[in-house]
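Q: In the numbering used here, each number is its position in the sequence shown, counted from 1, plus 801.
These aren't lab readings, by the way, just hints derived from the structure by calculation.
Even for Gly, the Cβ is constructed at its ideal location relative to N, Cα and C.
The hints are all genuine.
Pairwise CB distance ranges (calculated): (1) Ala-811 / Glu-863: 15 to 25 Å; (2) Asn-824 / Glu-899: 16 to 26 Å; (3) His-887 / Ser-851: 15 to 25 Å; (4) Ser-821 / Gln-897: 18 to 28 Å; (5) Glu-863 / Arg-904: 30 to 40 Å; (6) Ala-823 / Asn-865: 18 to 28 Å; (7) Lys-871 / Glu-899: 31 to 41 Å; (8) Phe-896 / Glu-863: 26 to 36 Å.
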Amino acid sequence: MDASTISAGALVRLQELNPSSANFKQGASFRVIGKASKFGILKCLLRYKSSLYQFIGELQIEPNNEGILKARVGRNVDGLDINLYHQTMQLERQFQAEQADIRTS
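Given the sequences, and given the hints that come with them, work out the whole structure.
A: Here it is, written out as structure tokens:
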């Protein structure tokens, strides 16, 4: 992946990454929080399966329509207040929508 085309990753909830979602696009870049289910090469880096992690990566859609986030960055966020995080995510989305309205008017 060319460094000039790397996206910061759109903030989404894992529940929003399903086949009926407008976000469910091959190669789309996302930032999500959840528990790792398939580790691949990162197995030795992840401390506990039950820990909470934040990942930034690209969505890979499998032939069976299953979405897998191919993480390029990850970090442990066990101490994160997930309810406050979701509230902040909602506020950020509202702000971005307001800014888009201002630019188009």
